[in-house]
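**Student:** If you want the building blocks of each chain, they are given just below.
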Amino acid sequence: ETGVTQTPRHLVMGMTNKKSLKCEQHLGHNAMYWYKQSAKKPLELMFVYSLEERVENNSVPSRFSPECPNSSHLFLHLHTLQPEDSALYLCASSQEVFAGTLYPELFFGEGSRLTVL
Amino acid sequence: SQQGEEDPQALSIQEGENATMNCSYKTSINNLQWYRQNSGRGLVHLILIRSNEREKHSGRLRVTLDTSKKSSSLLITASRAADTASYFCATGYNDYKLSFGAGTTVTVRA
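Line by line, the protein sequences are chains A and B.
Residue numbers for the first sequence, in this note's numbering: 1 to 117.
Residue numbers for the second sequence, in this note's numbering: 1 to 110.
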């Protein structure tokens with residue numbers, strides 16, 4: 001148990017659907033992240049939030065819309081997705097985004113497996 | 001891109017043997033981290049090594065860092081079935097970006 005909970009664990013959606021992924025961290029951290037993991041590819045950083053402020057949008061298509069209402073919750077709203085968006089979406093948190101020269105340890109959730117039909 | 005690249009892509013060993021995997025990266029780093037991912041699960045942090053450290057141990061894990069060669073290695077000694085997982089190195093890349101490679105998949109045979 002890492003203290004980061006993601007729901008749902010599995011999601012199947014059509015290309016015209018709208019759905020949301022939810023992430024909650026119970027660690028008192030100030031930073032939260034969304035990563036995309038596709039088979040045989042490096043993890044792709046999508047979004048970074050620090051104290052509810054988005055500090056990084058890594059050229060992610062607008063069909064992915066993040067929301068961070070407070071430092072414990074992070075959402076990823078999905079609409080009009082493509083089949084190539086099927087992947088494991090991982091949420092992570094860390095104490096801070098970046099502390100001087102030290103990149104923080106990330107705490108990951110179990111992921112939401114998304115299938116777009 | 002500064003993301004690390006793990007080598008080999010896959011590794012199969014007998015229980016009790018040691019497993020070694022390597023990570024190479026392209027530009028200077030402040031620290032390098034190793035993570036483990038069991039099938040279909042999230043990543044779990046294993047160990048962090050700073051750029052001024054050459055070797056670090058944690059239980060059966062040994063990590064080395066050679067900044068002159070821009071490479072790191074992860075050694076798992078006396079492997080167990082529970083070590084079957086994918087292992088990723090992560091390197092710092094600009095502010096906010098911790099970049100991961102595609103991982104080494106380790107299978108430990110009973």
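No wet-lab data here; the hints were simulated from the structure.
If you're wondering where the values come from, they're calculated on a predicted model, not measured in any experiment.
Please note: incorrect hints may appear among the correct ones.
Under 7 Å between C-beta atoms, here's a sample of chain B residues computed to sit facing chain A [as the list claims (entries may be wrong)]:
1) SER39
2) ARG41
3) ILE49
4) PHE100
Label-pair restraints from in silico Cβ distances [claimed, not checked]:
5) GLU67(A) with ALA110(B): 41 to 47 Å
6) LEU51(A) with ALA110(B): 46 to 52 Å
7) PRO8(B) with LYS18(A): 39 to 45 Å
The calculated lysine-lysine pairs, modelled on DSSO-like cross-linking and capped at a C-alpha distance of 30 Å, are [as the list claims (entries may be wrong)]:
8) LYS26(B) with LYS19(A)
9) LYS19(A) with LYS41(A)
10) LYS22(A) with LYS41(A)
11) LYS19(A) with LYS70(B)
12) LYS18(A) with LYS26(B)
Every residue gets a Cβ at the ideal spot worked out from N, C-alpha and C, and that includes glycine.
**Student:** Each hint: holds or not?
**Tutor:** Against the structure, the hints:
1. For the restraint placing SER39(B) at the interface with chain A, the shortest Cβ-Cβ distance is roughly 11 Å, beyond the 7 Å limit, so the hint is violated.
2. Nearest Cβ of chain A to the Cβ of ARG41(B): about 5 Å, under the 7 Å cut. The hint holds.
3. At its closest, the beta carbon of ILE49(B) sits 12 Å from a beta carbon of chain A; the interface hint therefore is violated under the 7 Å criterion.
4. Interface hint at PHE100(B): satisfied, since its Cβ lies 4 Å from the closest Cβ of chain A, which is below the 7 Å cut-off.
5. For the hinted restraint 41 to 47 Å between GLU67(A) and ALA110(B), the CB-CB distance of approximately 46 Å keeps it satisfied.
6. Taken as a hint, the range 46 to 52 Å holds for the pair LEU51(A) and ALA110(B), whose Cβ atoms sit roughly 47 Å apart.
7. For the pair PRO8(B) and LYS18(A), the supplied restraint of 39 to 45 Å holds, since their beta-carbon distance comes to about 41 Å.
8. About 38 Å separates the Cα atoms of LYS26(B) and LYS19(A), which puts this hinted pair outside 30 Å; it is violated.
9. Our distance criterion of 30 Å between C-alpha atoms is met by LYS19(A) and LYS41(A), whose separation comes to about 25 Å.
10. With a C-alpha separation of about 23 Å, the suggested pair LYS22(A) and LYS41(A) falls inside the 30 Å cut-off, and the hint holds.
11. Between the alpha carbons of LYS19(A) and LYS70(B) the distance comes to roughly 42 Å, so the proposed pair goes past 30 Å and is violated.
12. Pair hint LYS18(A) plus LYS26(B) does not hold up; C-alpha atoms about 39 Å apart against a cutoff of 30 Å.
Violated hints for the displayed structure, listed by number in ascending order: 1, 3, 8, 11 and 12.
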